[in-house]
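Listed below, chain by chain, are the residues.
There are 2 protein chains.
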Amino acid sequence: MSKKNLAILMRARMRSTNPTKLSLFQFPKEIPSNPQENDHIVRNSNQGIGTSSDFGNTGRSYDVVRETMHSAISASKTGVIDITLTDFQEGYFSLSLEDREKLLLALAKEYDVNREQVRELVKQYLGLETPSSDDGGQQVHSPKKEALSSVFYRIEWNLRHALKPTYETLFERLNTHPGGLRFLSILRADLLSILTKENSPSLRTLESYLKEKLGMWLSPATLELHQITWDDPASLLEKIVAYEAVHPISNLLDLKRRLGIGRRCFGYFHPSIPGEPLIFIEVALMETVAQTIQEVLWDNPPIPENQATSALFYSISSTQPGLAGINLGKFLIKRVITLVKKDMPHVSTFATLSPIPGFMKWLLSKLSSQSRFAGDDHSGSTQSNSPSSTFSERVLLPDEEQALMSLSDDSSFGSNGMEVLMNLLSAKNSNWATSPRMLPVLEPILMRLCARYLLQEKKRGKALDSVANFHLQNGAMVERINWMADRSEKGIHQSGGIMVNYVYRLENIEDYAQSYFGSGKIHASPGIHSRL
Amino acid sequence: MSKKNLAILMRARMRSTNPTKLSLFQFPKEIPSNPQENDHIVRNSNQGIGTSSDFGNTGRSYDVVRETMHSAISASKTGVIDITLTDFQEGYFSLSLEDREKLLLALAKEYDVNREQVRELVKQYLGLETPSSDDGGQQVHSPKKEALSSVFYRIEWNLRHALKPTYETLFERLNTHPGGLRFLSILRADLLSILTKENSPSLRTLESYLKEKLGMWLSPATLELHQITWDDPASLLEKIVAYEAVHPISNLLDLKRRLGIGRRCFGYFHPSIPGEPLIFIEVALMETVAQTIQEVLWDNPPIPENQATSALFYSISSTQPGLAGINLGKFLIKRVITLVKKDMPHVSTFATLSPIPGFMKWLLSKLSSQSRFAGDDHSGSTQSNSPSSTFSERVLLPDEEQALMSLSDDSSFGSNGMEVLMNLLSAKNSNWATSPRMLPVLEPILMRLCARYLLQEKKRGKALDSVANFHLQNGAMVERINWMADRSEKGIHQSGGIMVNYVYRLENIEDYAQSYFGSGKIHASPGIHSRL
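The listed protein sequences correspond, in order, to chains A and B. Every letter in the first sequence is one number past the one before it in the UniProt record's numbering, and letter 335, counting from 1, is 335. Every letter in the second sequence is one number past the one before it in the UniProt record's numbering, and letter 385, counting from 1, is 385.
The hints are simulated quantities; they were obtained by calculation from the structure and are not laboratory data. Where is the CB? At the ideal position from N, CA and C, for every residue including glycine.
Between beta-carbon pairs, the in silico distance windows are:
1) Q117/B to S61/A: 43 to 49 Å
2) S71/B to K256/A: 44 to 50 Å
3) E393/A to E172/B: 42 to 48 Å
4) S71/B to K361/A: 42 to 48 Å
5) D254/B to K256/A: 53 to 59 Å
6) S430/B to E120/A: 54 to 60 Å
7) D82/B to N429/A: 51 to 57 Å
8) L439/B to P178/A: 49 to 55 Å
9) K164/B to K458/A: 28 to 34 Å
Listed below are the simulated DSS-like cross-link pairs for lysine-lysine, each with C-alpha atoms no more than 30 Å apart in a straight line:
10) K462/B to K144/A
11) K77/B to K459/A
12) K144/B to K459/A
13) K145/A to K164/B
14) K462/A to K77/B
15) K123/A to K123/B
16) K164/A to K330/B
17) K102/A to K145/B
18) K197/A to K144/B
19) K211/B to K77/B
20) K211/A to K144/B
21) K144/A to K164/B
22) K213/A to K330/B
23) K213/B to K211/A
24) K197/A to K458/A
Construct all of the structure, not just a fragment, from the sequences and the given hints.
Set out below in structure tokens:
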């Protein structure tokens, strides 16, 4: 790497506290448009590209952008389309989030399906006889029947097209316009952000439609797998630094190590979004499957690569919040496994060391609701015959209840085990995580509850935990949970310091993915089942 | 180029009389599957790829392929899907055209839209109120209204998806499967071939659906423009030799010249169909716009490139009959013009020297039908009051009638001018084209009729001639027609030896393309108008 590139990278590091760091699984509620994109657009404007460079970037009003959007949808000359699309992107970035919302709502409503036309066609459609399944077959041809069939197929064709909203035109035009795919991803990030505060069915429909389109355009066939190394351009490495959200990259040395001996980094790239991966995965080559993230991040020096038998996926980061819910990772992991196996046949175990981002949130919410019921029932036991029992459940075992209450002897942590646990876990300083007296008491309780959370807590038939859901739908199984595996502030806060190893076995990936997809079955090792 | 490559190229030349040569505009009625593709598939089978390699390539029965097609559509595991898709492609190539037709008919009918589901949804849809255009707007939110809107959008969404035929799954899976896009193009070529003999509305619908999909997947944004030179792999150059159909490449020297000084060759490539262009264009750099193809093919040596002021597109060939009707050429020509202009700013004229493939066919059919009317009317004049006059029209001017009759003095060519012309033109030896006595008589007649054919004869509002339609929709204008511009047997046979120059003016391309698209307006020079 040249000195110049290094300098650029250093600048990138300094900036990297500024841009929103985004992981695959957690998106901030407020997603600002990527400031870098904005810079780029402003530069373009200064160069006089686009027709409206006479408008200042901030002075451009909503109405002008609204008008440009209309032109971008309705223009028919390719030259005009190109200019208006560039102009529309530029204008969009200049809008406040409020104005963007207004604009997107206008897009959703005024460029929706032409429902009068649909109703007209639907009526015609119902009036026609469905063609019998023998036209054109071995039977005698009847020209009259053929003509009727043709009419039917034509009306059906027209109906199918009439059901497409007009805004599809904008999406399709942007998809083939330079920078347009990236812009669409930002548009969707804005939509998702707006929809967390606002329930507009038409906006929700616009968002779903865009998601479907993006999923199609970013199909695995269009993505290129590329190993990211220290020889890659600094502009690309800068992105890795900025987007790595699972285990932040602390300095240049850290980055270099993650791309060096005993490590691999692979990214999925799309030709229309050059120079930055849509998703990337960091791999550590190890002798055994690591139980703690400390082993992975601090094994200096790493073992020689020819001694490695395990490939550990210790970080997967998505870079585009606007692609949330589009499973880019599935084929990534399968392809990375194939690639690593080919390169290093002696590596036979493929596992992750993953965070459990939803564990504490779920547990605290469960404890909060259940300790209320327990409060009604002054016996202090969750085994209750009180009227609220319908909703109450046994969160803690009697032993656990007792052990927790014994902790609260010296201070009044709470009136029952759940309250004690809740108060301990939600304390800001997280003292429990460094207390030699509390840790042995909490370990069996939190490990059991964590196993329950991973294997039994579901939402719409799928694992409640987003990372669990990600790996399970990709065909992994839950292998092992590890106590105090991530002692970072975030690790303690999100999952009580527990991390989980998901294991991928090539021979099972397809079966497991399918049974999870079909029936929500979560495959897990006997070891983890025994904790329940 | 290495000796080995040359040897391969020579072999390609020897084979090139064998594969069907296909131009952009004329497709043989019977399109056999590409024999090379077949070879490839057989090799795969011998290597034991796919689950059914135990079936001999020829012994594989229709039922097996039918079953594989079903699996390829209904399988849900990606591994199985991949195998069945490969297997299906292989199996398809082993089928006779009759069995392919049977298979495609099964695909069209049994994997069609689920119409019961559509009817059910349509009824639900009609029962719902269309959401008013103010939900989520500035007005007070009504949860009930929002819920109703949500239901409406969901039903509409379901209806949209229900209207997609099941065979879309096969198309989409093939599109992202290696070799699948090329296979789909062959599938469509077969469909087009079957539909010339058979009118099956369901098969027609299948074909239209596939065309729409292919058009989407091969959008200009996905195509890469690449200049083809003598340094390209022989395997690619071999394709140029094999597919050049407008002015066949006669030997290696000829090929080298078309890629050498004063010449350019550009191709559009798709990443999924590597190593062969979907369409390619040959360009000659000249001092003036050539009037005859002889000047282009035989200007040995060409003028120095820095003296060139005109770029002449003298041959455009499409390689995939299955992509007929998908306008790949539009952006090709625009981009080639831009590229050439950038490279050579002194080139200011961009024109074609194009065949008129439909002229003779149209003229002979017109003469044949009209001379029948003239035969009824024994005055020998086309100006007639006979009962058949409703359909009769004046094909020849009185002068022309007279001139033609004067030719038939020495032999009884016919009883009227049209008969004489018809007999002369349809004579197998095409003696007229070398007769010093006939040529001066025929020139003004054929040139006038040719101008009429190009500027006035239409089909569904568009130019009847396929090459004319191609260039006009791309924004060209008809500049000039040239007498005895192509003296080859094919040239005489197709267009009486006449060729046409279409001219592209960058500043007019968009306007002309649009007015042609909108109203069918054909832009032409005053010179050619004056011939009418």
